[in-house]
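Spelled out, the chains give:
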Amino acid sequence: MSAVDVAERPRPEPSDLTRPFWDAAREHRLVRQVCDDCGRSRFTPQIACPACLSTASTWTPSTGRGTVYSATVVHRAPYPGFTSPYHVVMVDLEEDWTMLSNLVGTGAEPVAIGTAVEVDWLELDDELTLPVFRPVDAGAGR
Amino acid sequence: MSGRGRLSDVAIVGVGATTQARRLGTTSLHASLEAAKAALADAGLTKDDVDGIAARWPGPGGTVFQPGSADWAGLLGIHVDWIGDSYPQGVPAVLDAAAAIGAGLCETVLITGGQAGVMEAEAGKVAKYTRPANEFVEPYGSFTSTQFALVAQRYLHRFPEARGAMAEVAAAIRNTGSANPEAVMHGRGPYTAQDVLDAPKVVDPFTRLDLCLANEGAAALVLTTVERARACRKAPVVVLGGGMEWMRQQYVDPPRYEEVRTVGAKAARRAFSMCGLGPEDVDAFQLYDVNSYEVLRQFEAIGLCGEGEAGDLVRERGIGVDGGLPTCTDGGVLSFSHIGWGAPTLKIIEGVRQVRGEAGDRQVAGAQVALAAGAGAGAQYHNVVLLGPDR
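Order-wise, the sequence lines are chains A and B.
Heads up: the first sequence begins at 3 in this note's numbering, then just goes up one per residue.
Heads up: the second sequence begins at 6 in this note's numbering, then just goes up one per residue.
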């Protein structure tokens with residue numbers, strides 16, 4: 003993914019509800035809402051906990067580590083801002099929540115379900131950083 | 006259930022569609038009006054018989070306040086007693102309209118919609134309605150087919166041999182469409198399963214031939230009471246039963262296979278329970294074939310077989326017009342036509358034509374019961390309607 007392509011990507015337009023996620027990403031922190039009452043993580047952001055309906059929650063840092071729940075490779079970009087092929091994955095994070103993201107630093111084929119991954123940071127521009135994931139190097143001793 | 010408010014008190018009496026084509030030299034509004042006029046003519050009714058409308062205003066030119074069915078009242082020069090804007094196409098529109106008619110809120114409903122003059126702007130991109138404008142989706146280059154692919158990849162992880170069956174499904178439905186003179190892909194093919202596998206990849210596991218079209222056209226329906234339907238031009242096609250399931254907003258939170266693989270199962274059970282029928286009683290399956298995997302999934306969800314068994318099911322029984330499970334008998338959204346929001350209505354039209362026995366060369370012999378469905382696992386909602394003759 004070249005810088006030129008990245009610059010053309012559709013930009014998130016955060017709301018009051020979602021801005022803490024993007025603000026944290028700029029500081030290279032991956033966060034999600036955790037319910038103050040029942041302790042469940044939730045993502046994408048919601049005004050209330052889908053389990054207990056409590057509206058009290060705290061944006062809480064994740065380890066950024068998880069496993070691939072499902073993975074695909076897009077061979078024909080649907081709109082500008084992407085160089086095909088690229089990877090779209092669902093990542094199950096360690097704290098029991100899930101994100102749709104891109105996988106970088108891997109080959110041309112979809113990675114295996116269950117692949118261990120960790121968060122990485124794609125700088126779209128000075129104001130916007132996109133959390134993406136890369137496979138954890140099995141030899142790195144994590 | 007006792008006498009009042011049953012779906013089966015309501016019938017579809019008119020169907021109408023424009024030419025379905027890659028490009029129509031007109032606007033969405035013109036096309037939708039043309040389809041509406043055709044449906045009214047098919048029913049032998051006029052606009053003055055209509056007292057309920059479910060239709061998207063295909064803009065521009067609508068009002069700033071929820072453009073939709075009320076705009077159509079103005080366009081048609083009529084006052085109406087009911088409008089249905091929540092999902093004014095396909096199965097939900099039919100079920101909502103039938104419920105309104107059954108409850109006595111109105112008597113005759115027009116449903117219309119489609120798209121034209123829009124695909125030129127989409128050249129080189131996937132159609133706009135397949136690009137979810139959500140901040141947690143769009144920056145990652147995910148689109149409708151990607152979300153379905155993430156489900157299919159989990160399915161194939163468990164049942165890898167199903168990839169061959171997916172290709173056979175795509176080939177079979179495309180070959181049905183190839184033989185339909187009204188299909189956008191008429192005359193293209195025939196295709197083999199290997200052709201599907203060898204086509205250019207779009208998003209794993211799907212190749213171009215695994216995925217539906219995006220084109221132009223419009224489709225319309227007219228519904229009224231069975232009592233009134235008996236005086237219309239064509240034999241009534243009764244709404245035997247139906248059901249809807251919505252899990253969450255589509256294409257925001259990505260779909261988890263274990264959760265979405267059965268979306269539509271409860272809707273189908275509800276539909277069948279309303280009329281005392283089961284999936285083996287269906288003669289024509291107008292499944293929502295947005296991709297080859299969805300056809301397998303929907304056979305499993307509506308209860309024809311268990312998880313992972315649909316590949317064997319379609320191979321053993323066949324899904325062509327002459328097969329044991331005639332499926333997408335017009336060629337489906339894979340080959341006949343996919344007109345955006347109007348596509349779900351095309352499924353109803355083909356179901357009606359099969360029950361009426363007017364499907365011509367693609368008629369399923371002796372078809373009595375047709376099932377039509379909308380959306381699927383990637384969309385995280387699904388709906389089902391059963392159609393049959395007036396008895």
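It is possible that part of the hints are untrue.
[What the hints assert, rightly or not] Reference listing, derived: stretches of chain B covered by chain A, where coverage requires no fewer than 3 residues with Cβ under 8 Å from a Cβ of chain A: (1) 146-153; (2) 203-209; (3) 258-268; (4) 304-313.
Hints are computed from structural coordinates only; laboratory data are not their basis.
All residues carry an ideal CB built from backbone N, CA and C; glycine is no exception.
Here's how the hints hold up against the structure:
| no. | hint | verdict |
| --- | --- | --- |
| 1 | 146-153 | holds (count 4) |
| 2 | 203-209 | holds (count 5) |
| 3 | 258-268 | holds (count 4) |
| 4 | 304-313 | violated (count 0) |
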